[in-house]
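Asks: This is what each chain is made of:
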Amino acid sequence: MTTASAIAKPEQIRLTRRSPAYWRVTIDIPPINVMGPEMVSQFQEVMSDLETDDDVRVLVFDSAVDDYFLNHSDFTAKLEDLTSMPAGPTGLPPWPDFLVRLTRLPVVSIALIRGRATGNGSEITLACDMSFASREKAILSQWEVGVGMVPGGGPMARLSQLIGRNRALEVLMSSEDIRGDQAEAYGYINRALPDDELDDFVEALATRIGAFDKWAIATTKRLVNTSLPPDVELGAGWDACIASLGRPAAQNGIKALMARGFHKPGDVENRLGYFVSKIHD
Amino acid sequence: MTTASAIAKPEQIRLTRRSPAYWRVTIDIPPINVMGPEMVSQFQEVMSDLETDDDVRVLVFDSAVDDYFLNHSDFTAKLEDLTSMPAGPTGLPPWPDFLVRLTRLPVVSIALIRGRATGNGSEITLACDMSFASREKAILSQWEVGVGMVPGGGPMARLSQLIGRNRALEVLMSSEDIRGDQAEAYGYINRALPDDELDDFVEALATRIGAFDKWAIATTKRLVNTSLPPDVELGAGWDACIASLGRPAAQNGIKALMARGFHKPGDVENRLGYFVSKIHD
Amino acid sequence: MTTASAIAKPEQIRLTRRSPAYWRVTIDIPPINVMGPEMVSQFQEVMSDLETDDDVRVLVFDSAVDDYFLNHSDFTAKLEDLTSMPAGPTGLPPWPDFLVRLTRLPVVSIALIRGRATGNGSEITLACDMSFASREKAILSQWEVGVGMVPGGGPMARLSQLIGRNRALEVLMSSEDIRGDQAEAYGYINRALPDDELDDFVEALATRIGAFDKWAIATTKRLVNTSLPPDVELGAGWDACIASLGRPAAQNGIKALMARGFHKPGDVENRLGYFVSKIHD
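Protein chains in written order, with my numbering: chain F, 1 to 281; chain C, 1 to 281; chain S, 1 to 281.
These are calculated hints, taken from the structure and not from any lab test.
Relax, there's no trap hidden among the hints.
Identical chains blur together in the list; that is why a pair holds if it fits in one copy or across any two.
Cut-off 30 Å, straight-line C-alpha distance, at most; resulting in silico cross-link-like pairs (DSS-like, lysine-lysine):
#1 K264 - K78
#2 K214 - K264
#3 K278 - K78
#4 K214 - K278
#5 K255 - K214
Using the sequences and the accompanying hints, generate a full structural model.
Replies: Following this line, the structure appears as structure tokens:
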């Protein structure tokens, strides 16, 4: 029924074609789904597949790791491994390149969020066309300001349009964890659903859209995309993020979180919104 | 108390002046309020009346047909009858011409929605300044993508600003029926009201605004209108719609719906969101 | 713990430094917190302090007057006292100058709303980065159109982006009082909170943000600010407001409200939304 095509190198994301029209990308780096340079590169590769395929109409992102959709970056990786990667086809560095291409894809993209969607996980949500989240188990956040960083994947450019400037600034400046209900009330996601209904809901919607005409999907989406912020804004956000990582505030912030147990399963990852404040006590 | 002025030719919409300041346009083509070239022309005529009247402050759109506010286009009409109509004063074809002029009118426009507002009905809602809908009886939808079409009245340009890109794309790509409560939660309409309170609510609001100063209304609205998408985007959407109608996907989609009972009272019109998916089984 | 720095002249607003990072501005002109030229000037002065301070990260606006956050303008003041004030550093007249500078400040601003936030009070809310309001005691409104005026502090430019064009036009054209729950449902404010939880909530949030890195706050906010409407739109709104004040409609409207008890504690101020309609009976 479905075919799985492995991606080269240690597989961090898994592309599954449920049908020629309906693909899934499953994020799978236990135990906490952090994102490093290799994953970014694999995301870019999937975009190339999607951009050139004639049949695919819908793409769903989900996770194979309990409690995490897609998490913050891997702070144990060397920053140079990320910053030395070549620009993508958009002329932007790899992470904003991937996000921009995802947004402009002639394919409908859906984030199925169960567990933590922090930093990169929130940014991929904002780049997707739609998002549906577990009412009980989803946590969204842009935690960066709380630890002295600037977010690197463009929530500054996207959140105001989506949820209003006031709530966008609350999300960014408070750096708090946001539960499914609150995310739905703010319009950060399309809907929060009871956890045991979420998979069926997304499956039905993706299957439905997968049967529609590709030209009609692509043409309609292209006309919606006129309201997108300019791609260069995502580049500006990325540059600010990289600049922030070179400053003592961020270096000390990350170090303080690490000392408390960040970057491995446990209380700091579970309650990151609490701990980004706690380190300033 | 009120005077009714008949419009020439078979009357499909009825203009009633409840007072010099407060006008109503009632859509009335039983049994299902589909829109053909003649109705578009009558809508344009009403715009000319409104643009040149010194007293009118508020315009309400409602329907005289049970279960339908304003429905999709009349697919039994010849497409040439629509495409051969001359451009309106904005330089746009008649339907986007009407919608743009409605949006820019120095008059407050309100959609009172009871029953189905699909395609054109949703697009007139998005062009109005406000909309209030029956909680029990309103259904909004942009069903076009589901049947291989692109919407022709600009929801691609308008919905993202109104309800956020993620929910705009859900409405457009799912092509689903959206009930009053959901439409209110998404901000697609101003409010959903209990059906037996809807008329009084709109009447009170229209009467209230009808007593306010016309210059203050028009000047304030003009300053709000800076946030509108460029009018040409509605032209681009219209062109894509017409192009879609010439493709086999749309022709087959419409034909398949017709075979099941589309375009007359009954199950397909009542549950259009279900049937646009069903025809792809 | 905290130091209060008095501002010259009869003190209408009070600046308190709760810490070097966290400042408050408390509005205090009993009995009904109307805004005249002197207050505008004091607001501008505070902006200068904030723009040049290296430590401040967060600013909270609140009120010392029961039942009023910040109210409409002082209609007993001479209009010339306001219109003769010199343009501010942005080149805009003082009130829009203050609002634009507040929005662009490298500091997080929060409106803590208890009581009436009408006209200027709503406009300062829209210029702040976030707002939290008493569920029981907050009333927001842009009442101007109801009395023949155009709002002067830019809600035409800001409200559509925040709450959608349809609800923005409802707020502006209905000129109605909007309670905390409705304001939250529309996204006009971030959240409505039970009155007895409001102060603690804002205190905790301001304290939290006050501990974060100033560069990260300022850089992130600057990137969010790309989505702001052009500053000149606030100038255009101001000009329209001043023009409206010279017209008979507004002069008669204000006079009719005054005759009923406007501008002092009592029924007209408490139910302004009702009385702006009542005067047209």
